[in-house]
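Two chains, two separate frames, one set of hints: put the complex together.
Protein chains in written order, with our numbering: chain G, 1 to 715; chain F, 1001 to 1629.
There's no promise every hint is true.
Residues from chain F that keep clear of chain G, each with C-beta distances beyond 12 Å, as calculated [what the hints assert, rightly or not]:
{"no.": "1", "residue": "GLY1098"}
{"no.": "2", "residue": "VAL1202"}
{"no.": "3", "residue": "GLU1356"}
{"no.": "4", "residue": "ALA1433"}
{"no.": "5", "residue": "VAL1609"}
Dumping the calculated PhoX-like pairs for lysine-lysine here, alpha-carbon to alpha-carbon at most 25 Å [claimed, not checked]:
{"no.": "6", "chain 1": "F", "residue 1": "LYS1414", "chain 2": "G", "residue 2": "LYS116"}
{"no.": "7", "chain 1": "F", "residue 1": "LYS1281", "chain 2": "G", "residue 2": "LYS116"}
{"no.": "8", "chain 1": "G", "residue 1": "LYS403", "chain 2": "F", "residue 2": "LYS1407"}
{"no.": "9", "chain 1": "G", "residue 1": "LYS335", "chain 2": "G", "residue 2": "LYS355"}
{"no.": "10", "chain 1": "F", "residue 1": "LYS1527", "chain 2": "G", "residue 2": "LYS130"}
Bear in mind the hints are in silico, worked out from the structure with no lab data behind them.
Yeah, the Cβ is synthetic: ideal placement off N, Cα and C, and Gly gets one too.
These are the residues of each chain, in order.
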Amino acid sequence: MNTFKNLRMYNRITEMNRMLFSSSEQLFTRFFFLLLLLLIYSNPVIAQQSASEGDGVSQIDYYQITTLPAPDDVVLEVGGLTLLPNGKLAAATRRGEIWVISNPEMKNGRAPVYTKFAEGMYENLGLEYKNGSFYTSQRGELTKLTDTNGDDVTDLYERVYAWPISGHYHEYSYGPVFLPNGDMVVTANVAFGNPKWWEAQSHAPWRGWMMIVTPEGEMRPFATGLRSPNGIMVNDQGDIFYSENQGDWIGSGFITHVEEGDFTGNPAGLKWADHPLSPVDVDTSEIIDSELPMFETAKRIPAMKLPAVWVPHTLMGTSTAGMVQDTAGVIAPFKGHYFVADQGHARVNRATMEKVSGEYQGAIFPFIYGLDSGALRLALDESRGQTMYVGLTDRGWSSTGEKSYGLQRVDWTGAIPFEMKTITAVPDGFNIEFTHPVDREIAADPSLYNLTSFTYRYQYEYGSPIINQENVPVKGLQISDDGMNVRLVVDNLRQYYIHEVKLGDIESESGTPLLHDVGYYTLNNIPSGPALSESEWTAAASGSSDDSSVSNSLETMEPSVSPDNVDADPADEISEPAVKRQLEMPDSWNGRVDQTIEMGTVPGLEYDKDAIEVKAGSRVRFTFNNTDDMLHNVVIVKPETADQVGEQGMNLGLQGEAMQYVPDSDNVLYHTSIVQPGSSETIYFTVPEEPGTYQYVCTFPGHYITMRGTLVVTE
Amino acid sequence: MISCMPKTLFSFLFVIAFLSSALHSGLQAQSSELPFTEMDLNNLDSFESPSANWQLAGDVFMDTYQDQHVDAIDGTGVLVNTAEGNQPQDIYTSLDHGDIDLSFDFMMARESNSGIYLQGRYEIQLFDSWGINKPRFSDLGGIYQWWEDGRGVGGTAPNVNAALAPGVWQHMEIKFRAPRFNEQGQKIDNARLEEVILNGKVIHTDLELIHPTGGAMSNEEAPFGPLRIQGDHGPVAIKNIRYKRYDNAPLQLSDISYKYYEMALEEGDDPASIIASSNIKTEGTARQLTLNEIERTGEFAIVYEGSLEVPEPGTYLFELRTDGGNLLEIDGNLLLQNGADNRWWSPHTAEVDLLEGTHNITLTYFRGEDGDSPVLSLLAEGPGIEKHALHMSSAFPANIQNVYLPKLIDPEDKPIVMHGFMQMPDRVHPHSAAVGFPEDVHFGIDLNNGSLMKMWKGDFLDVSSMWVGRGGGNLSLNEKAALTFSGAPAMAFLDSRDTAWPDSLQENVSFDMHNYRFGNENQLVIKYQMNEIIFEDHLVPHNDGKELMRTIRITESESANNLYLRIAEGDSISELPNGLFQINDKAYLINLGENIKSESWIRSSGDRVELLVPVNSTENTEISYSFVW
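Bound conformation, chain F alone (with noise of 0.2 Å):
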């Protein structure tokens, strides 16, 4: 008799496998919502009469250690403030803007200081904050300032430090509401920031703006106002300005009708066939889509009618989320249709082009034995109209979302090695580990073959899923807020030096960890055996934290002369001016030591770009180099 079985595939699976992978590292089945406009940067048409400190440029590099330093490549895409003349200016859009969901990337000088105005009044700093602990309001993500009575006030800081370093592509996302008002032109609601994520991380949410910050174009309030950015305190660029407008109201489901029926469904059964042939159990109208209809045990079917009001005619997204079962028809067509085994974790998304006018919707939601609560949401987006639920939130409880809370440990005093799961694009490094410093900069390691898998800053783990209840999870970080390297081995044995890279550790090789220790300062020293060589791995924290350096030395060898370290791989390699190499277009750089840079070269592989390094096998071999980020 079973009297001790695991929990049902909802309860825990769910937990491991859908925060381990979708949550954090944000990877849909399908796309979920509709595309944003670019902003077209080959011509300065977009912009009001911009002065000569913005110009056009193809790429830009911004030397790290170099204050104010920028310099601005020939070509377009880029939009660069060089902070040059005697009277650098701000620069503004054309176009004015109301709600508005806006996301750009941006490079920072070393010392520099701008800043982006929403509507022209709200300004959100930028700064470079690189290695900052405790950042204010003036620094990266920051709500800027505004005066009153001679002082400064309203300032709101960032949740968290997310700046990367002077002179690689930072990314911000926002979410801009306007403010509101009345008939009489009354302030009625605060213009308001949804939400703001900086390089991944989530620093303001929900934040009120009761007051034009300091320097705005004007400190009347208004519905729409131009995006601007600062121009007169240092340089900047910008490029990738992608937006969505809200300017039109939600949809609303009005005239719905509904039809429940209890039935049986067996698997293979078609849904429309089986309902067109059961009996209708209770029928009537609904003012919403609550789902209260329902008796929430047993196997059902409920068909719900409705008319939809288009505002403008273009392309709809339609999002739907069911316990269960579910076809979603507009106007007669077929969207969406989900078997019985379909459970509400999965989103499935359907465009569909609709006219302006009223069109009809018809939403099924059958259920067979399996699943848990019942549940619906249904979500829509159109152009200029914001995604929306047109579902009360009684049909979709936000609780059922709420599966846990995170465990977060941050390493104090010493660093943390954690072992674990660490989940890369490939699959699953079962024998890993996540190492943190105190210093807050942390990197995952695959312990089998030395592969430097990730890096990030900040909140070091998330502990919940291997800590709470039966456990098991993956080393769980936020993913977009780290850099992902590769988990091939970090060493290899090359016929040649046009040889491929291996994917994973070689026939011929036989790679393992021994043993590691914390050295002095807190470095991490990791000792592994590779074939007959024996090395270590130093990797410390450098440059107060902003960086992280390795260094491998060998102490045990018997001479090999084609082993390889691979520093490096990616879309993009280059040598930068300064002698730091870039990374995936400036992603993040790489500072090789001294005697390590003749040595090394940059070889394509495929559409694959990779940075090498010939190891010299002999004892007391010492290679460094450190990440900049």
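If we strip away everything but chain G, and leave its shape as in the complex, we get (with noise of 0.2 Å):
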């Protein structure tokens, strides 16, 4: 992949760099490599490691990411992840294995050399060790296993707590997490069911339940609402949280703290509500789908726990993980900070949380991107420091990431990067600490904030668009003394919404770019308090946040052609020299059509054909079948310009899902609209006169990397 092998580029030119800046007489020679250095940062696919950076930084120069390599039988789908107190790593694997890792961290060179300690479980999804023996979810029980004769191999597979299924195969369980008191923390999974074949259902007591069970195997169900709780995560309070996955009743995934007795949003779990061993007191017939925000319901029932924060979809990941909290300080500028791993965008963010009314509430930064696969599963290396290690797996849905599992290792290089450390709220607004002191001079214009506030629907369909989505006005703002807070005074600020944070080009007092420029704020409760006094804080210049130098959702990025007026006549549309998406022949065509072509999808996002060879100027009726299970667009390019565009489609933040993800570019040429999955889009479109390699690419965020193909235009 680009990524890679620009990758090995900058280090072997990094390494040529140092030996050649010995000598001042090298000078052109470091001129030279330094314009090649520039040359290879300015290359957009690298840029694409973070969603928005400032010229000049990007994550390698932070994060280093290293694949530990394994051998061809040790398929390492990595569903539980710990490290053992002999220093080695410890996988649990969906295959039912426990493999043992030694040397991890890949010491002088040599590669981890894998034991296999266990094995036919059916798909472990969590792993933990303590005191001798490893403790795992598999999908019908919690199983311990210990090694009694020293061989470091199983010896004994003891069933902890069983708890029952149907053998529906979305059934998963995760886990366990161990609890200050030794107890162990376990969730379920629904299964699915009628009429839609996604309607999350529970066919056994406790699937869609969080359950406690102590080491004798006594359990107890804790709380209900959960859908597909992939993460579960104790902090330092001793507080548990769980991440959920987006479906039906969950608009997008999110963090919940949750508490006995809690219902969390997903009704199928209620089924068990009035069994003699629960204790959440909600019914069934109290969850009504009305399409407003969960937030409303919450005002009703008492026992709704909302989301402490929010993972807004497509913008931060689709699929929520496993958390793990970083007490520790492994990576120092974010101790105490939740990384939260993302399944189907291969990438790991950062969480930050507070409380606020006694309950907790908080932002989700990014933190990395471009592992090879779906991240899993998150291992902070508290004994060596500065390394963290991820357990990859998709899981059988297609991930961003050219592969399907996998193990790697993110070190940190111990440069702090330039970053909003934390949004708390405040009375008035938010305050943003930064890693570094700011640039007080740039830091002081408010246009280069832009905050945005939005939620999402409650609802039986399956996810749910951004909704009442509303600017949140930059009055002004005041920097701190030491210039690590900036603290925003905002207009409209709304109890429940999710608020954007989208900052501009701010720089650091020496002079570094944002590493990252967004974050997400669930603002479950604002504070009480005084507001700042205007001699406080220093207003926005006149013209208010219209004047915005960053682009937010509410200004008009021009559509190609809006999804809404599908049969428009073409001479309706935005003034452009060619309509891109046409979906009539066009009469001055006489119903002469040259060549139909006709394409669809292959698993592991791709196309099913990877070239294309037309005619120069000839008419091309172009079917695209999306055969997948996920949404996808064909979008025709400019030759040599589908990394830029595909990524400029992954850039589009929230206006992204309106424009059906096709930038306004002019290397954008034709394309369909986002296509749901079994549907099918006819465009019609003239090919361009110049012969040449063009491209195709999908433009849904991340898809861009594989999902491409050349479209050869012949004379």
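Here it is as structure tokens:
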């Protein structure tokens, strides 16, 4: 993949650079290589590593990602990951195995060594180690494994607790995670049912629930409302959190703090709410499909717990997975923060939380991108520091990333990136804490802070579009004396809403640009207290927030064709030389089509044709059949612009969905809209007159890396 | 917005549901073939002057542990070679056959040797190959060799050793195709074995028989010849001989015309009336049934009409698969009708009696928005006519059915306990494990009630539906080659010896598995608790892996005097003269440990029979028995 190739080139050139910089006589060479470096950095492929980076900083300046090589027969579809007291790394896999890995840090250039500790379990999705035994959830039970004779292989498989399951393929079981008192938390995925095949259903007690299991095997059901509770975490306060995945009643993934008796959103598990053991006091009849946001229902139902941190779908990932808290400060600037893996977008995010009115709420920020496959489990190396292990698997769903599974190591270089460290709520806005003091002059410009708030529907239908989106104008700001904090005073703060905080080109005092420019804060409670008085903050320049130099979703970036006017007369479209999405055969063609092309998809985020040949100037009827189970489009672009257009599609942010993720760019020649799984779309276009190797690519965020082909235009 | 939805019903539910049930267990919603002809074994009239070593019996007993032992029991229905007398000989049918599908049950005596010759010329070896590791051509199911220049050539070993124990009934299915000759009588095609299945396992596929095997009735090959069973090398018994001969040519569709409509079907619409009121988009004639006339996307209907030339009056069977709705009419009579939600993996069959001559066939295929690529498969079978396709392969590509590659795992040097869901006739048992031993004997167990549910040999498990993609499939094994027992609890508290056995855990019983470990010599020891009783279940291969021994040992208990273990249940159970018990008409045998034999008893329960033994639930009680199969 391009990023890897460039990374190697970068490493090689850095080596050469180090050698050459030793002599001043090499000034010219130094300049030359610096130029080369700049060229590499400006390559949009490397820049893709972060959604939006300033010039001159990228992820690899701060984090090195290394893949741990493994033999072919060691299939690391990692479902559980933990470091052992002796420094080894242990991974439980979806194939029911536990592998113990020596030398995960690959000392002296030697490969890690893999020993199979256990096998024969069914789809393990968690792993802990305590007092000489492993604890792991498989589909039907919580199992304890012990090597009794010291040969590094399990001799005794003990069933701690077997929960009821029906045998449905979607009944995954996650965990365990230890509580301070030695009990274990496990969570149970729902099954699917009717009438919609994706409708969450609970076929057996405690599916869709969080359970607490004692080491002696006593189980008590704890909370319900869980749909696909892939990640479980217990923080340094002993509080339990879980991560949720988009689906019916779940507009987007989120992280929720769970207490006994909570109902967290999806009603499937309420089937068992009146079971004698159930602490949940909610009835299914109370859950009404109203298309209003979740918080409206929570107002009626005391037991309903709102998410502490929403993970906006497609913008921050698609499938929230494992979480860990960096209590030891393995990544020092983020000590105490939470790292959150995403299975769909092969990335790890970072969350911070605070308590307002006694309830957790907080923000989520990007952390690292570009992992080999779906990120599922995280393990922080507390004894060695500066290292995070990421266990990867796409679990059978397509993830961005080249591979289906694997194990990678993220090494922090020790350099502290310039980032929004935390966002906290204040009575009249937000406080942003930075990792370095800001450049006071630049940071004083309120137009560099762009806030929008939105939410999701709480509805039966799968997922939700963004709704009720409104601008949150920044009236002014106050920079702290030490330059580490910028307090924003805003209008239109709405309780419960997710607030996007998007920054412009703010630099640190030493001139370093931001590594990431966005965070999403879930404002469940607005803190009480005095607002800043006007004298304390600098007002925005007159002309107000619309002057913002930072794009937001309310500014129109003209979509080429709005999806709503599918049947509109092409002449009514926004003035452009040619219509990029023509759904009816143009009258001028007089019924003559020169070539009919039909294209579908194959599993793994690919089209079923990687090359198509057409004649210059010919008339084409092009049908895209989306035979996959994810959303896709087809965008025909000028030669060698697929990466650029694909990256732009990924960066469209909140407005991307309405634009079918097609950026407004001259490089885009023709395109379909986003096509639903199982549907087709036909467009008509005229092949460019100029022969060449054009490209077609899917610009749904993250897909462009593999989902593309060449459109060879011949004379 | 939906951006990460799991696959549609077709893609993955098919893999899980279809693979787990339809493919391996052979469950069919409706009969999909015409009936076989059964050879009458109430007399010896079907055979040519059989020699004295051949006789009819009502049943037969062969002692698993005694060489060449055979004991015929009075009656008819079973053909037995006692191999007695000075000159025991082979037996030949009066019937001569060409292309034939044949199935039969047979029983070998210990160390015995026989064979079945197709057309009297091509021998498939019948042999006691119980427990053989690497079978040769001379083992059970092998194609025997012949001699050239004084040395043996051309023998073909079976793909796997599927042999069961001497003394149990085994089953073979053969699809044989005779050699072809031109008008001058010269052979233009070899005889072939399309498929041979032994005890549920495929042992030969698409094998050319290039030469008659050793001892053929003639080395001149011919279009027809009798069935012949070897009688001079040891006892063998045969019953349930069934066959279908294929002496007629396949049916052909001719004069095909089509009408293609673009139309939309709502749920509840009657397709015939919608088609009638729709405009024809294109029409014409077609040489074959290819589906080339249709556009691949969108809703449509196509109506094909053609002629079918029927050579011989009789019952004909048609099997239709389409991705979408269909209607099949012959001579105006509606045979099949399926709605737009019909999917290609559901075959629909209909039988109809047809006279000799030309018949009109009308086939309608219509599709709504749902579903996959349009496909159509129309198969036909008739008297003397093998089931064959009336469509061209492009209408139903082979790759549509190849949705996965099996992923086989096999225990090599130590046992594997693989947790998973096990499908039983009553339901899926979700807390089960498949246990595989390196000695190639395996079993399935329900960890929630201690029930030993299945037993099989050879290949252990195909884990692809569990490990590939999103997983979630059942433990997948060759169900046709496995013994399926009961999923009901292994042990129960009975108020009296006549109390019915519970189907599931009794109300006052708590049962849980505590742990399992691997003991000495690779035996599996599972520890359970049933109320206050803690016991160990030891399972280990026995007699070189030919048998499976189970020992239940109570380790902790407050004594209960109404605890029983159900060793077996089935249609029939009886004690054999050698002290073993036969289950289900010698489908398998059980050898009870001496200390429990006297305590055990057989009882009837409705139309089922059970073998029970009381469990003296004091500590250190041990109950042992083994499966002989």
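Here is how each hint holds up against the structure:
1. GLY1098: Given that every Cβ of chain G is farther than 12 Å from that of F/GLY1098, nearest at about 45 Å, it holds.
2. VAL1202: holds (27 Å)
3. GLU1356: holds (45 Å)
4. ALA1433: Per Cβ check, F/ALA1433 is inside 12 Å of chain G; nearest 8 Å; violated.
5. VAL1609: Fine: 30 Å to the nearest Cβ keeps F/VAL1609 off the interface.
6. F/LYS1414 with G/LYS116: holds (14 Å)
7. F/LYS1281 with G/LYS116: Distance ~63 Å between F/LYS1281 and G/LYS116 Cα, so the pair is violated.
8. G/LYS403 with F/LYS1407: holds (20 Å)
9. G/LYS335 with G/LYS355: holds (17 Å)
10. F/LYS1527 with G/LYS130: holds (23 Å)
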